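With numbering that gives the first Met the number 0, the residue at position 167 of the sequence shown is 166, and numbering never jumps.
Don't read these hints as lab results, they were simulated from the structure. The structure presented is a predicted model; accordingly, all values stated were derived computationally and were not measured. Don't take each hint at face value.
[Stated by the list, open to error] Pair by pair, the computed Cβ-Cβ distance ranges are:
1. G163 with H96: 25 to 33 Å
2. A124 with R91: 47 to 55 Å
3. L116 with Y82: 15 to 23 Å
4. L162 with L120: 39 to 47 Å
5. R157 with L78: 37 to 45 Å
6. R91 with K56: 35 to 43 Å
Ideal Cβ positions, reconstructed from N, Cα and C, are used throughout, including at glycine.
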Amino acid sequence: MNEEQQPHGRPTPTPPSPPGFPGGGSERVGRRGADWMFGGAYGTVLASALLAALHQKGEEFTPYYDASWVLVTAATAGLAHGYAHHMASHLRDSAAHRWRLLGLALWNEWPLIVAALPTVLLLVAAGLFGWDAYAVTAVGLGLNTALLFAWGALVALRVGHRLGSALAIGMADATIGLAIIVANAVIK
C-alpha cells in the first residue's frame, strides 16, 4: 500500500535499520536486485574490456594468461569495490562488528566475479581447443553483450518493471557491450 492507500492517510512506518547499515533496512532489502545488476553488469563490462585489450594483432595469443588476468582483475575489482563501500559507510562501532561488516561487504561483490567467469571459461576453452584469437574475441564480446542484455532485463523484471520497460533496460545495458565492440574495432 502506498501513502494514499493507507487508512486515514497515515504513511507506512519504515522498519528500523539493521545495525551497521545506513539508510534503513527497507532500503537495503529493496536494493538487493539492483546490487546484483550492478555487480553483474560491472563484471561483464570489465571482462569485455579486458578481452578486447589483452590480445593485440600480431602478438601470440595466450588464452590461459588472458583468462588468469580477467579472473584476477575481476576479483581485485570486487575486493576494492567492497572495501570502498565499507569505508564509505564506516561507522564508529566495535572492531569485531566493523570486521564482520567488511566481510559482508566483500562477500556481496560475488556477482562481479561470477559475471567474469563466462569470459574466463571461453579463454580456457580457446586454450584447450586451439581456437583463433580473433574468433574468441568476437564470440566473447558478442556473448558478453547478450549477457549484459540479460542482466539488465532480468533484474529489471525482478525489481518490478514491466516487460517492455525491462527489455528497454536490457537494451541500454547491451549498448555498453556494443560500445566495447565498436571501440575494439576502431582501436585495433
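Hints the structure fails to honour: Structure breaks hints 1, 4, 5, 6.
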